[in-house]
Amino acid sequence: MNVHVMKTEAEETLGAQFEKLAARLPGTDWLAEERVKAISEFATTGLPNRRVEEWKYTDLRNRFTRAFEPSDGRHVGASWQAIEVALGGLVSFESARVVFVDGAFAPELSNSDDVGDGIEIVALGEALGAPPDWLKQTLGKVNVPSKADATVTLNTAFMTDGVAVRVGDGARGSKPLLIVNVATGEAERSITTRNVVVLGDRSQLTVVEAHLTLDSAATQSNTVTELLVGDDANITHIKMQGENLASQHLGTWMIRLGAHATYRALQVTTGGALTRNQLYLKFAGEGATAHINGAFLQRHKQHCDTTMLVDHAVPGCTSRELFKAVIDDEARGVFQGKIVVQPQAQKTDGKQMSQALLLSQTAEFDAKPELEIFADDVVCGHGATSGQIDEDMLFYLRARGVPEELAKSLLIQAFVGEALDIVEDEGIREALTKVTEHWLARTD
Amino acid sequence: MLEIKNLHVRIAEEDAEILKGIDLTIPKGEVHAIMGPNGSGKSTLGYVIAGKEDYEITEGDVLWNGESILEMAPDERAIAGIFLAFQYPVEIPGVATMTFLRTAINAVRKARGEAELSVADFMRMVREKAKALNVSQEMLKRPLNVGFSGGEKKRMEILQMSMMDPSLCVMDETDSGLDIDAVRIVSEGVNALRGPDRALLVITHYQRLLNYIVPDKVHVLSDGKIVKTGGKELALELEEQGYAEFIAERAA
Numbered sequence: 003m004n005v006h007v008m009k010t011e012a013e014e015t016l017g018a019q020f021e022k023l024a025a026r027l028p029g030t031d032w033l034a035e036e037r038v039k040a041i042s043e044f045a046t047t048g049l050p051n052r053r054v055e056e057w058k059y060t061d062l063r064n065r066f067t068r069a070f071e072p073s074d075g076r077h078v079g080a081s082w083q084a085i086e087v088a089l090g091g092l093v094s095f096e097s098a099r100v101v102f103v104d105g106a107f108a109p110e111l112s113n114s115d116d117v118g119d120g121i122e123i124v125a126l127g128e129a130l131g132a133p134p135d136w137l138k139q140t141l142g143k144v145n146v147p148s149k150a151d152a153t154v155t156l157n158t159a160f161m162t163d164g165v166a167v168r169v170g171d172g173a174r175g176s177k178p179l180l181i182v183n184v185a186t187g188e189a190e191r192s193i194t195t196r197n198v199v200v201l202g203d204r205s206q207l208t209v210v211e212a213h214l215t216l217d218s219a220a221t222q223s224n225t226v227t228e229l230l231v232g233d234d235a236n237i238t239h240i241k242m243q244g245e246n247l248a249s250q251h252l253g254t255w256m257i258r259l260g261a262h263a264t265y266r267a268l269q270v271t272t273g274g275a276l277t278r279n280q281l282y283l284k285f286a287g288e289g290a291t292a293h294i295n296g297a298f299l300q301r302h303k304q305h306c307d308t309t310m311l312v313d314h315a316v317p318g319c320t321s322r323e324l325f326k327a328v329i330d331d332e333a334r335g336v337f338q339g340k341i342v343v344q345p346q347a348q349k350t351d352g353k354q355m356s357q358a359l360l361l362s363q364t365a366e367f368d369a370k371p372e373l374e375i376f377a378d379d380v381v382c383g384h385g386a387t388s389g390q391i392d393e394d395m396l397f398y399l400r401a402r403g404v405p406e407e408l409a410k411s412l413l414i415q416a417f418v419g420e421a422l423d424i425v426e427d428e429g430i431r432e433a434l435t436k437v438t439e440h441w442l443a444r445t446d
Numbered sequence: 097m098l099e100i101k102n103l104h105v106r107i108a109e110e111d112a113e114i115l116k117g118i119d120l121t122i123p124k125g126e127v128h129a130i131m132g133p134n135g136s137g138k139s140t141l142g143y144v145i146a147g148k149e150d151y152e153i154t155e156g157d158v159l160w161n162g163e164s165i166l167e168m169a170p171d172e173r174a175i176a177g178i179f180l181a182f183q184y185p186v187e188i189p190g191v192a193t194m195t196f197l198r199t200a201i202n203a204v205r206k207a208r209g210e211a212e213l214s215v216a217d218f219m220r221m222v223r224e225k226a227k228a229l230n231v232s233q234e235m236l237k238r239p240l241n242v243g244f245s246g247g248e249k250k251r252m253e254i255l256q257m258s259m260m261d262p263s264l265c266v267m268d269e270t271d272s273g274l275d276i277d278a279v280r281i282v283s284e285g286v287n288a289l290r291g292p293d294r295a296l297l298v299i300t301h302y303q304r305l306l307n308y309i310v311p312d313k314v315h316v317l318s319d320g321k322i323v324k325t326g327g328k329e330l331a332l333e334l335e336e337q338g339y340a341e342f343i344a345e346r347a348a
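Same order as they appear, the protein sequences are chains A and B. For any residue, its number in our numbering is found by taking its place in the first sequence, counting from 1, and adding 2. For any residue, its number in our numbering is found by taking its place in the second sequence, counting from 1, and adding 96.
Take these hints with a grain of salt, some might be off.
Residues on chain A that point at chain B, a partial pick, calculated with CB under 10 Å [claimed, not checked]:
(1) 406
(2) 408
(3) 409
(4) 413
(5) 416
(6) 419
(7) 423
Label-pair ranges, simulated between beta-carbon atoms [as the list claims (entries may be wrong)]:
(8) B/242 - A/390: 16 to 22 Å
(9) A/406 - B/232: 27 to 33 Å
(10) B/336 - A/406: 42 to 48 Å
(11) B/242 - A/428: 18 to 24 Å
(12) B/232 - A/362: 54 to 60 Å
(13) B/326 - A/389: 45 to 51 Å
(14) A/406 - B/310: 46 to 52 Å
The set of hints was computed from the structure by calculation and includes no laboratory data. Built from N, CA and C at the ideal position, the CB exists for glycine as well.
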């Protein structure tokens, strides 16, 4: 373990903020100990720097120079109309929704009554005071990375709110559940949220997480979603990161899949000065399938890092990853994908691909695929490519009268579209296509 | 009228000249064929007319309706009515054929100051033209040219050509990879476009296509130069005697 003595200003501030806030954070009686444990763990590890292999391309210690004041959750109120605009078309599909403004549940903007029979949804901030058993048993326990991760420990220490969902055995969502996290106002602040989603056996749900800012103030958001998926359950899990270009976003998904479960995931990132998306997925039951796709579109000096660990701990599971990066100006994209196949996980089928389209000479993409295979009867593979827009395709479109910019935009959309195809719901797929169109049309 | 004057072309950043002084005039209402052995520069000529950037024009000019097109971008040329049917149409995964067709047609219409086609009018037009060219609905549903056979790609080119209403049609080896029935279907599509307001340039290696698309003039291109010009009977001569005569001339 890296123990460092010299603390950065941000690290010092985080410790002091916790001291000040601890007594007021929700879930005092039973969660307090966990929070204290987390902050002392953080005090030991500090913010990760580039000498920590998992953070090789994203030196958080260097980039996270100041820790903003944690949001107190008091907000003047955001209108749903403003959120719809900020979502850039993402809410054009039919959904049940739970909205958090500046890290606090906003019941007046939420409506999740008709999400489906047998589905329980509570706001974590309230529920932590008197948690139902299932929440207490799950929170902080779903596929937590074995090596202490600063983003997760900080989240545990500071989390204030989020969604807790339980889908009963055999229950099915009648519409997608949209979780909106929106930051408002002109003050810098940090927002820490945690979602816990528990799917019973044979259940089904689509969850869409959206992270945005309505104003121009820099936000530091730290969000963790724990997802426990029962046997034969089917979940589609989508995330859209569209925060403003001053914001820093640390997101972690921790997922555990039961036998014969089907998991389809897509992460679309257009926002953020810095975005780190971590995904830890563990196959805990045989015969499950996970498709994890991502698309990030970055420009200016944006930095987007996707780091994932897919752990094949049981036999006969299938994993597929497809990540598409579109990088312009001096932006940088990072993809680190690790597939681990444990000795007992025979008949594993794992494939991974990351592809980048570099739109400028100064754009950068770093790909680090890793396979750790301890079983002998497996099919695994990975690939990474990066290149420019295909000149022959561009000429063909232009020879048919399509102007250069439109032709490029068609080709970029086609490139990204391959990742979006994982979403079966046509309404959501179209909405995400609009998000990419919106990015392409933007000239700021 | 298409006027090519003393056109010299080389591949950008390479020394070798590919076209070595082409002079060619095609008035509207006429169909000209360019024939020649492999490597004679036929496809280069098509690409240069369409505006591909890999070539450097070292001398000469290409005029369409009296104006030089060499400084025009490929899309500006398309708007000016120039259409190249590719020898090897490019496969574009992720771009739906119908989306592409509608985008292209409306981009050109808009730039020409015409109203964009409504969805209904567009659909009607596609259906009608596709039927005539034996382009199936299933083909139209696929991404552009992806998974198409050689013949399907060529029919898609002619479908695009007939939908985009060009005034100069350049067809690069449109017959290659086609069986005899497909040659007939494609030729009927092309012949339907013949008229007093259009100029057609048919680039081909074989005479076969010219049985169906009967040219007003035939030019023989060899080693970057037009070495012979004649009537449609010249194509038949070439079919009998081959290109040996011209290649021998080049060797000598």
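Okay, the hints, checked on the actual structure:
At a threshold of 10 Å, the smallest CB-CB gap from residue 406 of chain A to chain B is about 7 Å, leaving the interface hint in force. At its closest, the beta carbon of residue 408 of chain A sits 7 Å from a beta carbon of chain B; the interface hint therefore holds under the 10 Å criterion. Hint status for residue 409 of chain A relative to chain B: holds, with the closest Cβ pair at about 8 Å, below 10 Å. Look at residue 413 of chain A: its Cβ gets to within about 7 Å of chain B, closer than 10 Å, so that hint holds up.
For the restraint placing residue 416 of chain A at the interface with chain B, the shortest Cβ-Cβ distance is roughly 3 Å, inside the 10 Å limit, so the hint holds. Against a cut-off of 10 Å between C-beta atoms, the interface hint on residue 419 of chain A holds, since the closest Cβ of chain B lies about 5 Å away. Interface hint at residue 423 of chain A: satisfied, since its Cβ lies 9 Å from the closest Cβ of chain B, which is below the 10 Å cut-off. Between residue 242 of chain B and residue 390 of chain A, the C-beta spacing of about 20 Å keeps the proposed range 16 to 22 Å intact.
Evaluation of the 27 to 33 Å hint for residue 406 of chain A and residue 232 of chain B yields a pass: the beta carbon distance comes to about 32 Å. Checked against the hint of 42 to 48 Å, the pair residue 336 of chain B and residue 406 of chain A passes, with Cβ atoms roughly 46 Å apart. A hinted range of 18 to 24 Å for the beta carbons of residue 242 of chain B and residue 428 of chain A is consistent with their spacing of about 21 Å. The beta-carbon spacing between residue 232 of chain B and residue 362 of chain A, approximately 41 Å, falls outside the hinted interval of 54 to 60 Å.
At about 47 Å, the beta-carbon gap between residue 326 of chain B and residue 389 of chain A stays in the expected band of 45 to 51 Å. At about 38 Å, the CB distance of residue 406 of chain A to residue 310 of chain B disagrees with the hint of 46 to 52 Å.
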